[in-house]
Amino acid sequence: MVRAVDGVNFTVEKGVPLGLVGESGSGKTVTALSALRVVPRPGKFAGGKIIFDGEDLLTKKESEMRKYRGRRIGYVSQDPNSSLDPLFTVGTQLSEVVQAHEKVPKERASERVLELLQRVRISEPEARMRAYPHELSGGMRQRIAIARALAGEPDLLIADEPTTNLDVTIQAQVLDLLKDLQRELGMTLILITHDMGIVAEMTQKVVVLYAGRVAEVASTRETFATPKHPYTSALLKAVPRVDRKKELVPIGGNIPNLITPPSGCRFHPRCRFMQEICVAKEPALDAIGGGRQVSCHRWKEITLEGTSS
Amino acid sequence: MAGLLSYLLRRILFAIPVFITVSIITFLATNASGNPVELVLLGIHNRTPETLAALNAEFHMGEPIYTRYFLWLSDFMHGNLGQSLYSGTVASKILPWTATTLELQIPALLLSFGIGVPLGVFSAKRQYSKSDVAVTTTAIFGISMPTFWLGIMAIIIFSLNLHWLPSFGAISAFPPYWWGSIPSDALAHLILPLSVLTLVSLATYVRLIRANMLDALRQDYVLGARASGLSDFNVTYKHALKNAITPVVTIVGLSFGSLLAGAPALETTFSWPGLGYEFVVAATSLDLPVVQAITMIITIMVLVANIGLDLVYALLDPRVRIS
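Chains A and B, in that order, are what the protein sequence lines are. Counting from 0, one number per residue, gives the positions in the first sequence under numbering that gives the first Met the number 0. Counting from 0, one number per residue, gives the positions in the second sequence under numbering that gives the first Met the number 0.
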């Protein structure tokens, strides 16, 4: 059995946008899909709790869980090119989601779809409703995926790398849209990304994941200014900046294979502060004051470079 | 809609050169296998110059080969399929053969599609479970065993040993009829070949649908649809299945074309007097006009089936229409 995420523990506060950060394969998406209980087969829960609004989602029946999906927790998936069914029109796909949330007649559902499309700032919404996904641009498709996630007016929106496959100007538009939607609808956002720039712009709190475990939890400002985990620091150094002449430092090596994860601290093979204890013993996720948590044996001894965001 | 119409028109235009090419090859190949006049003369004991002249005129033997080709094609297009070298006109024979083949093939297609699709979905939803393993193992068995072997096994078990069903033909030529009446007799003859044929093509559909469903269920749109609160039933049968079934339409279309060709091996095993069986008989006895006619009819059916298939595909998948 591969434990794709293991001992991942963090809290999302209402109204505080949270960034879930890590390299590909670090368990960001699995964490998000777990909250909705839609982890694809053969994935399953070996244990743990997912508390939403005081209730443990893992103990819910499938029928109860459907009341959470879309209605309490919305999800926007990574790739706008594949997030919509190619064989149905945009209007059909959105109105079936609307109708899954509330029993309304067809005409009312299409009115709702029109509102949703306007909400995500789609131009000519009536014409777009009749379009098939392949007739739309990537940015437009991502907006429609966002509209679908908003159909049930969720309290929490999980956006899984919402801008990965979009070009830069469209990225900025989609991020702006997400920002405005949080304000207008009072949603809380969990943003999954590996782009520290987006984290700085969009979030107030950061959870850094590494190889299926939490490396560090801190407010966004503190994460950038005074990272406590060597991995967080390394991530920051790998971000290109236009305003500063500084070499980019790549993180050597690859994310470990989770079939045989490294002993002790999972980051030790790539860590420049590695000592014997890091190989021998797995570090706990320690609360270090000020709401921060870090999972490193040596966080007190080492000084890490941050960056002003 | 205009796009769909011009799409259809393009498909039809593409079919014409295929038809002409096949007709040339068929005509040349059959003529290369023997001189029809000499073949007929083999069966005539008192040959007179008159019969010889009549035969030469019938097959236009005085003309060069390309003229003969055009004359033959023109006859064919006018519905004149010519005379069998043995007895009767080709047209009068082919019609009942076609009917007999369809009597077997259409139920087989409907059954195998009707059973294969739900079974494939069932299997995909329970990937690697015991029931999935049972279904896929049976499917691999159905695909791997040659049709004629399955047919022979069915005959040995159900006809020879158990005496439950007849072993050959489409009807009993004379009483006693199976299970008392003529319709029940036809049904009894149908059961064995139909079961074997269904098992074989069923296996193909099960495997295809299962693989396509597994693929579709892994797609982001399925995840997105589930995550936005759609029911599992809706996601599986509306979104995933429509995506999974679209490529299978191709296979249905192709097998629809080959329906007419019959399954020569199967029809021969059960001596089922359909096009496939009669084609084998005509080819071994060098009944050239019959071979030509059957080949051309199968060609037309395959072309028509392909055009129909392209149309269904375009209706199912909006992305096809733009190209």
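By construction, these hints were calculated from the structure, which means they are not laboratory data. No experiment lies behind these values; they were computed from the predicted model shown. Glycine included, each C-beta is placed from N, C-alpha and C at the ideal position. Among these hints, one or two may not hold up.
[Unchecked claim] So, partial list: chain A residues that the calculated Cβ filter (under 8 Å) puts toward chain B: (1) Pro39; (2) Leu135; (3) Ala148.
[What the hints assert, rightly or not] Think about it this way: if two alpha-carbon atoms lie no more than 25 Å apart in a straight line, the pair counts; the simulated DSS-like pairs of lysine-lysine are: (4) A:Lys43 to B:Lys92; (5) B:Lys241 to B:Lys124; (6) A:Lys43 to A:Lys60; (7) B:Lys124 to A:Lys105; (8) A:Lys60 to B:Lys92; (9) B:Lys129 to A:Lys102; (10) A:Lys299 to A:Lys236; (11) A:Lys66 to B:Lys237; (12) B:Lys124 to A:Lys66; (13) A:Lys66 to A:Lys13; (14) A:Lys102 to A:Lys66; (15) A:Lys280 to A:Lys299; (16) A:Lys66 to A:Lys48; (17) A:Lys59 to A:Lys43; (18) B:Lys124 to A:Lys60; (19) B:Lys241 to A:Lys59; (20) B:Lys241 to A:Lys105; (21) B:Lys129 to A:Lys43; (22) A:Lys59 to A:Lys102; (23) B:Lys237 to B:Lys92; (24) A:Lys178 to A:Lys13; (25) A:Lys48 to A:Lys59.
[Unchecked claim] From the derived model, a few chain B residues whose C-beta atoms are all more than 10 Å from chain A: (26) Ile11; (27) Ser73; (28) Val132; (29) Ala133; (30) Pro165; (31) Ile170; (32) Ser183; (33) Leu222; (34) Gly223; (35) Thr245; (36) Pro272; (37) Leu302.
Taking the hints in turn, this is what the structure says about them:
Using the Cβ-Cβ criterion of 8 Å, the hint placing A:Pro39 at the interface with chain B is satisfied: the shortest such distance is roughly 6 Å. The closest approach between the C-beta of A:Leu135 and any C-beta of chain B is roughly 12 Å, which is over the 8 Å cut-off, so the hint fails. The beta carbon of A:Ala148 is positioned within 8 Å of a beta carbon in chain B (closest approach about 6 Å), and the interface hint is therefore held. Among the hinted pairs, A:Lys43 with B:Lys92 is inconsistent with the structure: their alpha-carbon atoms are about 63 Å apart, more than 25 Å.
Restraint check for B:Lys241 and B:Lys124: the C-alpha separation of about 15 Å stays at or below 25 Å, so the hint holds. Proximity of A:Lys43 to A:Lys60 is assessed by CA-CA distance (about 15 Å); at most 25 Å being required, the pair is judged to hold. Under the criterion of a C-alpha separation no larger than 25 Å, the hint pairing B:Lys124 with A:Lys105 is inconsistent with the structure, at around 30 Å. A hinted pair counts as satisfied when its Cα atoms are at most 25 Å apart, and A:Lys60 with B:Lys92 does not qualify at roughly 65 Å.
Only pairs whose Cα atoms come within 25 Å are accepted, and B:Lys129 paired with A:Lys102 is rejected, the gap being roughly 38 Å. Restraint check: the Cα-Cα separation between A:Lys299 and A:Lys236 comes to about 20 Å, which is no more than 25 Å; the hinted pair holds. Proposed proximity of A:Lys66 and B:Lys237 is supported: the alpha carbons are some 20 Å apart, at most 25 Å. As the CA atoms of B:Lys124 and A:Lys66 are separated by approximately 23 Å, the hinted pair is consistent with the 25 Å bound.
For the suggested pair A:Lys66 and A:Lys13, the alpha carbons sit about 19 Å apart, so the restraint of at most 25 Å is met. Between A:Lys102 and A:Lys66 the CA atoms are separated by roughly 13 Å; this keeps the pair inside 25 Å, and the hint holds. As the CA atoms of A:Lys280 and A:Lys299 are separated by approximately 17 Å, the hinted pair is consistent with the 25 Å bound. Taking the CA atoms of A:Lys66 and A:Lys48, the gap is about 18 Å. The hint holds against a cut of 25 Å.
Among the hinted pairs, A:Lys59 with A:Lys43 is consistent with the structure: their alpha-carbon atoms are about 14 Å apart, no more than 25 Å. Taken as a hint, the B:Lys124 and A:Lys60 pair is honoured in the structure, with Cα atoms around 19 Å apart against an allowance of 25 Å. Taking the CA atoms of B:Lys241 and A:Lys59, the gap is near 30 Å; set against the 25 Å cutoff, the hint is violated. Between B:Lys241 and A:Lys105 the CA atoms are separated by roughly 22 Å; this keeps the pair inside 25 Å, and the hint holds.
At roughly 19 Å between alpha-carbon atoms, B:Lys129 and A:Lys43 fall within 25 Å of each other, so this suggested pair holds. The straight-line distance between the Cα atoms of A:Lys59 and A:Lys102 is roughly 23 Å, inside the 25 Å bound, and the hint therefore holds. Between B:Lys237 and B:Lys92 the CA atoms are separated by roughly 46 Å; this puts the pair beyond 25 Å, and the hint is violated. Proposed proximity of A:Lys178 and A:Lys13 is supported: the alpha carbons are some 15 Å apart, at most 25 Å.
Proposed proximity of A:Lys48 and A:Lys59 is supported: the alpha carbons are some 11 Å apart, at most 25 Å. The Cβ of B:Ile11 lies farther than 10 Å from every Cβ of chain A, with a closest approach of about 25 Å, so its non-interface assignment holds. The claim that B:Ser73 is not at the interface with chain A holds, since no C-beta of that chain comes within 10 Å of its own (minimum 45 Å). For B:Val132, the non-interface assignment is confirmed: its Cβ lies about 15 Å from the closest Cβ of chain A, beyond the 10 Å cut-off.
Even its closest Cβ contact with chain A, about 19 Å, leaves B:Ala133 beyond 10 Å, as expected for a residue assigned away from the interface. Listed as outside the interface, B:Pro165 is consistent with that label: its C-beta sits roughly 46 Å from the nearest C-beta of chain A, beyond the 10 Å cut-off. The claim that B:Ile170 is not at the interface with chain A holds, since no C-beta of that chain comes within 10 Å of its own (minimum 45 Å). With a cut of 10 Å on Cβ distances, B:Ser183 stays outside the contact zone with chain A, its closest approach being about 44 Å.
Residue placement check: B:Leu222 does not keep its beta carbon more than 10 Å from all beta carbons of chain A (closest about 6 Å). With a least beta-carbon separation of about 5 Å from chain A, B:Gly223 fails to lie farther than 10 Å from that chain, contradicting its non-interface assignment. A beta-carbon of chain A is positioned within 10 Å of the beta-carbon of B:Thr245; the least distance is around 7 Å. With a minimum CB-CB distance of about 43 Å to chain A, B:Pro272 clears the 10 Å threshold, and the non-interface call stands.
Every CB of chain A lies more than 10 Å from the CB of B:Leu302, the least distance being 27 Å, so the non-interface label holds.
Of the hints listed earlier, those the structure fails to meet are numbers 2, 4, 7, 8, 9, 19, 23, 33, 34, 35, in rising order.
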